[in-house]
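**Student:** Guided by the hints, dock chains B, C, D and E onto chain A, whose structure is given.
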Amino acid sequence: MDVKAVDKVYVGNINVAARRARELLLGKLKLGDVIDWATTFSLWPVHLLTSCCGAEFAATWSPRFDAEQYGALPWVAPRQTNFIIIEGTVTRKMACALRITYEQMPHPKFVIAMGACALDGGLFYNSYNIVRPWEVVPVDVYIPGCPPPPEAVARAIIDLRRKIREKKLASRWLIEGWRHDRDPVKPADDVCKWWRP
Amino acid sequence: MVLETILYLIAYPPLWQVLILGFVGALLVAMVAIWFERKAAARVQRRIGPYWASPRLGGFMIIVADMIRYVTQQVIIPTTVDKIAFLLTPVAVLVVTILPLAFIPLSPHELYWPVASMEYSLLIALALTTLPPLLTVVLGWASSNKFSVIGSLRESYVITAYELVAVLAILAPAASTLSFNIVYIVEAQQPVKWLAILNPLAFLAAFLAVLMSTSAFPFEIPESEHEVVAGPYTEYSGILYALNMGGGYIRRFIYAIIIALVFLGGWAPYTPGLDPFTGFIIPSLIVLVKASIVVLVMSFLRAVYGRYRLDQALDAAWRLALPLALLGLGWSIILAYMNLI
Amino acid sequence: MKPEELLELLKHALGGLAKEVTVRKGYVEVLVDADSVVPVANKLKELGFDHVKSVTATDYPKESKIRVTYHVSSYLREDLAKPILGLSVDLPRDNPVMESLTGVWRSSEFQEREVYEFFGVTFRGHPDLRPLLLIPELAERRVLRKDFVVKEESIYEGVPHRYQ
Amino acid sequence: MPARVSLKSLKRRGGLFEGIKSNIQALAVGVKYFIDPQRSTLLYPKEYIEHRPGYRGFIVFIKDKCISCAACARICPSAAMKMVRVTEVDPKHPDKPRQKQYPVINYQRCIFCGYCVDICPTEALYHTPFQDVVYESLADMFLTLEAFQLEPGRPSVSEGSPVVYEVDEERGLIKRRR
Amino acid sequence: MEGQKLQGMVVRRVEKELYEVFIGPQHPGSGHMRIIVRLDGDVIVEADPDIGYVHRTMEKLSEVREWLKPIPLLERMTIIDACNITVPYVNALEKLMDKSPPPRASYLRVLLCEINRVASHLYGFGIFGVFLGHSTMYMWAFGDREVFVELAEILTGARLTHSYPIPGGVRRDMPQDFPEMARRAVRYMRGRLEEYRRIFVDNPVIVKRLEGVGVISRNKAAELGIVGPNVRASGIRYDVRLAEPYEVYDELDFEIPVFEEGDALARTWVRVEEIKQSLSIIEQAVDWLERHKGEPIIPKEDYDKLPKLHREVYEKTGRVKLLPAHATMKIPAGKAIARGEMGRGEIIYYVESDGGTTPYRVRVVTPSARNAIVFKYIVPGHRLMDLPAIYGSIDYFPPEADR
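Protein chains in written order, with my numbering: chain A, 1 to 197; chain B, 198 to 538; chain C, 539 to 702; chain D, 703 to 880; chain E, 881 to 1283.
Next up, chain A with everything else stripped away, as it sits in the complex (with noise of 0.2 Å):
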């Protein structure tokens, strides 16, 4: 039974309330649509630099790309943003920093990772201090180049909002919990192992 009585004051089991009302809000009343529309629109970054590309992901946001036309804001704290994207190499020392502020940003978040560095290395392949981003954070869209041009960047914010559309990722989390279409990352232990050993 959901109901049951507490000192004669009838009391709905609160956790099948609020499944049911987001069933009905986001079932029945569309009202995920309505995220997932507002998610695509309010794509925000987190300033994390992890490497190089950093440059032309601030030519992206310079006036001649302007990616804010897209409703994508650079954000200072990763608390208030819902987007990394990895500009570029990944070194040991900045995946647990990379790790740590995936981990500080509210759901629903995505991931880009933009450049050759960030998908398989690119130029640094076989250094000795590079670790794959997709190994720390489930990733996106992926975007090739070295640097990818800043027209690349926007495709690809083009595209997480098409996926964000078509396959409703946000508004599933807030049905969900979590996401099942992501490949699964390595332990945050493994990633900072260096930082606390």
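Keep in mind that the hints were calculated from the coordinates and are not lab data.
One thing to keep in mind: the hints can contain errors.
Derived lysine-lysine pairs resembling DSSO-like cross-links, with alpha carbons at most 30 Å apart [as the list claims (entries may be wrong)]:
1. Lys-1156/E with Lys-1100/E
2. Lys-163/A with Lys-236/B
3. Lys-1210/E with Lys-723/D
4. Lys-734/D with Lys-1210/E
5. Lys-723/D with Lys-877/D
6. Lys-1156/E with Lys-1088/E
7. Lys-583/C with Lys-540/C
8. Lys-557/C with Lys-583/C
9. Lys-549/C with Lys-975/E
10. Lys-549/C with Lys-563/C
11. Lys-1215/E with Lys-767/D
12. Lys-186/A with Lys-163/A
13. Lys-581/C with Lys-1215/E
14. Lys-186/A with Lys-167/A
15. Lys-767/D with Lys-748/D
16. Lys-748/D with Lys-236/B
17. Lys-581/C with Lys-563/C
18. Lys-765/D with Lys-1156/E
19. Lys-713/D with Lys-1088/E
20. Lys-1156/E with Lys-1180/E
21. Lys-603/C with Lys-1210/E
22. Lys-193/A with Lys-684/C
23. Lys-583/C with Lys-1215/E
Covered stretches of chain E, as calculated for chain B (at least 3 residues, CB under 8 Å) [claimed, not checked]:
24. 1003–1012
25. 1085–1092
26. 1146–1159
27. 1234–1241
These numbers come from a predicted model, not from an experiment.
Here a beta-carbon is modelled for each residue, glycine too, at the ideal position from N, C-alpha and C.
**Tutor:** Chains B, C, D and E in isolation, oriented as in the chain A frame:
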């Protein structure tokens, strides 16, 4: 009897002011202010700014999208925070921010604005506007984050500096019109004896003080992101952050309304009539438009100025704004003495 | 100042402290013993070489030595700014220890830390000798020595099998 | 003529007048651009940049010209270009299958430096003048021999119209429709 | 003490009254690094730069790759200043090979170097602006940087990573309409600098933030061995283009601006003046290149070796095709040291060859690597809000420092 009471409660005008104008209006105002700030900065910076969600509305829907996103996003409560303070303060910030609206009449008729006849409306409104910064200090303290603590410390430094200036400068009109009643102050400025023109020193001081108190550029010090990330708000996510951010913009707008009323003549060139349209809607709209212009000017400054260092801002408050406010007050007294207003 | 003139000046100033002074392609190199590096550095500083441009170490596993070279130059004396002078020390590869020159040239501080983490050269008297760029785990492996091998992929390696 | 040093010093500033003047100057510049922003922002999906022919974009392979010398794979700084061995049947001599090797490219690593295009002795590789293509999975980015011979589909072409940027004396970069 | 056990990475005992703040690595005021700052009230008493977050092992990787491959590799240290960073490496190779580029190639290199220098200074201005909360400066600088990025793209085919010089020459010739475009860009930029002055450099708020902040005296600058515009703002007359003119810098007419104040404002003004000089160099280089049309951009002996197809491509598109020999090039044994002046200062390459197909040792010391010491010795004593001002004014770029 009961029904009547309920009806009276529902129709009680101050409730409507706080609910409709307060929550809905303020939300809209905050969104317009954010949108304008982003678009104006984008214009000066030779780019487009928010665009794609609704090209015809100039990308205004992007702000709506931001709001929906914040509301539906996960709220993270870190384990180290003081939970009760962490959760309740943002709500308190918004409530306290909107409170002054209940004491600011936008039309001279008691029928529509019961506070219109209140003798000390300016004093009460001013007193209430000084509350939210105290809560900002609580925000930072509850977050238990080093950057938040530095941010709220900065906020408390800034409070002590600007509060006196703000009160002195905004009370200068009261001194020159010999009344704390906002309606009386506005009526005294009819038709174009605006105190911004008659007493520019006090107006400038008030403008500076408002810039400092709402941490607008060039005094955006408590949230100065290049040292303290997001200042007191660093740990806030989701709807809690939206409340904080909206609160900041609403506060700026309320200050702007006060400035529009006491310095820019409120509904001044217009003489309100008695029916709801000429007596309520038109004067309110005039005041809101004037206040919007003040907010827009404040937003525009973001595009031109950087930010001062903390000690320089305090220096400016004590050594530039305070003498200005005192001079303005003196000038007001002269105005009152000479019967110029 | 021409390199040849500098060579004369150095020979005169350093006297017997330097093991060998050579000039090649505009680059003057002074080779000294590990013991006399601080007095030589002091002499050079007196001459007007006021900063270190680079602290370079090179590993020679065949000769079992690590050569640490301080490239010094001058800002304040403009005639000395033109040539670059190398002050080299040969250290044994199994226990490379030398006096730190941070007391003479403050500008070498960070680069000595770099050489320490990459080659394991210990600088005695360095104020703050700890790894600069690498995480501790990697710093212990002396990554720039020749016996730390980085493998290049061949042109056939790594192709998914289905492509063949 | 060698370079020469010119010693300069900062303007002495101070005084109320100077302060007010510089404030007004800054505000005036801001207002000027607020009124006339002179912008040339690319509205990306609706417009896309048509780059000049020399632009180093995605690389396309012409199999007929290839002589299997593997110079491209050897010069590749990031080991993105690999050689695959293919058994080919020549239509003229169907009884003698030949072992040939052809390059394939791994866009997970390619840095678009153009060394492979420049070293190819028979011009069997060329650059397409665009780079704005993204992928959703890593496996797609390692092109097969067949995919390497086709130009990657550029989604912007179907979504927008081309523009070119020109350098202008008054406004910096200006956008011009084609 | 715990600090020594952990190699000083994170944990260190802090005195009671000090407040320890980690600026970075995910921090808007840090870039790709971390500064461990200890505060007493609002005043910094100790700053410890913890760099290495972008250490990509350039020196090791260039030891295992053939001679031509380190060019794109080393370029990634500072992709915003790509030509300046590769020219000294190529110079070092040319010194070892006893080869020298034809004058036209040299001029093209100088042209691209100066375009990059302007772009790099504008990048610095942008970052500096945003550090001081001046978002318009960021946008304007990045918007105008696009003009020079576009020029570089037309010249080389890539926006940032040009990989332009090769030993003995450059990879492409200039397009026909390039000179006119470059001149227009130069004239445009001159006009814009005046507006920059009004909104940023002379803006009272900015002046107040910069004046007397982060003062580095002449002797201190020499002691710390910092480089580039920072050292010229302290009254030291040092510029590689003056001390050891490489390429064709001794044929061009330009000035090295030197200021003596040594504070953040002087460093900003040095950059403004340097942009002006670079613009004039671009004009001179373009004029020279137009006067000397049709001259080769690779040495004659190399050109003679080219097969017919390669020559056709060169004549048609101006693109120099490489020979398969470039992939397995061998360079005579020896040591060479080469330096160049990047936007941020002096870069030094020490290249050692043992006669094989790969370098034996490549040591590179970048300007930012030498400027990192400023954080430790100049920042203490300033207020916390001065940290971004000093950081921006020395134009520190972590990927370059970490290599």
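**Student:** Work down the list of hints and note, for each, if the structure agrees.
**Tutor:** Results for each hint:
1. Of the supplied pair hints, the one linking Lys-1156/E and Lys-1100/E holds, its CA atoms being roughly 28 Å apart against a limit of 30 Å.
2. Proximity of Lys-163/A to Lys-236/B is assessed by CA-CA distance (about 28 Å); at most 30 Å being required, the pair is judged to hold.
3. Annotation: proposed proximity of Lys-1210/E to Lys-723/D is violated, straight-line Cα distance about 64 Å (limit 30 Å).
4. Annotation: proposed proximity of Lys-734/D to Lys-1210/E is violated, straight-line Cα distance about 59 Å (limit 30 Å).
5. Between Lys-723/D and Lys-877/D the CA atoms are separated by roughly 35 Å; this puts the pair beyond 30 Å, and the hint is violated.
6. For the proposed pair Lys-1156/E and Lys-1088/E, the alpha carbon gap of about 24 Å is at most 30 Å, so the pair holds.
7. Note on Lys-583/C and Lys-540/C: the hinted pairing holds, with a Cα-Cα distance of about 19 Å set against a maximum of 30 Å.
8. With a C-alpha separation of about 18 Å, the suggested pairing of Lys-557/C with Lys-583/C holds against the 30 Å cut-off.
9. Between Lys-549/C and Lys-975/E the alpha-carbon distance is near 26 Å, which keeps this suggested pair within the 30 Å criterion.
10. Under the criterion of a C-alpha separation no larger than 30 Å, the hint pairing Lys-549/C with Lys-563/C is consistent with the structure, at around 18 Å.
11. Simply put, Lys-1215/E and Lys-767/D have alpha-carbon atoms about 41 Å apart, too far for the 30 Å limit, and the pair is violated.
12. Restraint check for Lys-186/A and Lys-163/A: the C-alpha separation of about 24 Å stays at or below 30 Å, so the hint holds.
13. Only pairs whose Cα atoms come within 30 Å are accepted, and Lys-581/C paired with Lys-1215/E is accepted, the gap being roughly 25 Å.
14. Pair hint Lys-186/A plus Lys-167/A holds up; C-alpha atoms about 25 Å apart against a cutoff of 30 Å.
15. A hinted pair counts as satisfied when its Cα atoms are at most 30 Å apart, and Lys-767/D with Lys-748/D does not qualify at roughly 37 Å.
16. The straight-line distance between the Cα atoms of Lys-748/D and Lys-236/B is roughly 20 Å, inside the 30 Å bound, and the hint therefore holds.
17. Of the pairs offered as hints, the one joining Lys-581/C and Lys-563/C holds, with about 24 Å between alpha carbons and a cut-off of 30 Å not exceeded.
18. Taking the CA atoms of Lys-765/D and Lys-1156/E, the gap is near 49 Å; set against the 30 Å cutoff, the hint is violated.
19. Pair hint Lys-713/D plus Lys-1088/E holds up; C-alpha atoms about 14 Å apart against a cutoff of 30 Å.
20. Taking the CA atoms of Lys-1156/E and Lys-1180/E, the gap is about 35 Å. The hint is violated against a cut of 30 Å.
21. Proximity of Lys-603/C to Lys-1210/E is assessed by CA-CA distance (about 25 Å); at most 30 Å being required, the pair is judged to hold.
22. A C-alpha spacing of about 27 Å is found between Lys-193/A and Lys-684/C, which places the hinted pair at or below 30 Å, so the restraint holds.
23. Straight-line distance between C-alpha atoms of Lys-583/C and Lys-1215/E comes to about 25 Å, which keeps the hinted pair within the 30 Å bound.
24. Counting residues of the region 1003–1012 of chain E whose C-beta lies closer than 8 Å to any C-beta of chain B gives 4; at least three are required, and the coverage claim holds.
25. Coverage of a stretch by a chain is defined here by at least three residues with a beta carbon nearer than 8 Å to that chain's beta carbons; for the region 1085–1092 of chain E and chain B the count is 4, and the condition holds.
26. Counting residues of the region 1146–1159 of chain E whose beta carbon lies closer than 8 Å to any beta carbon of chain B gives 0, which falls short of the minimum of three for the stated coverage.
27. Closer than 8 Å: that is the beta-carbon criterion, and the region 1234–1241 of chain E has 0 residues meeting it against chain B, so the requirement of 3 is violated.
Checked against the numbered hints given earlier, this structure breaks hints 3, 4, 5, 11, 15, 18, 20, 26, 27; the rest are met.
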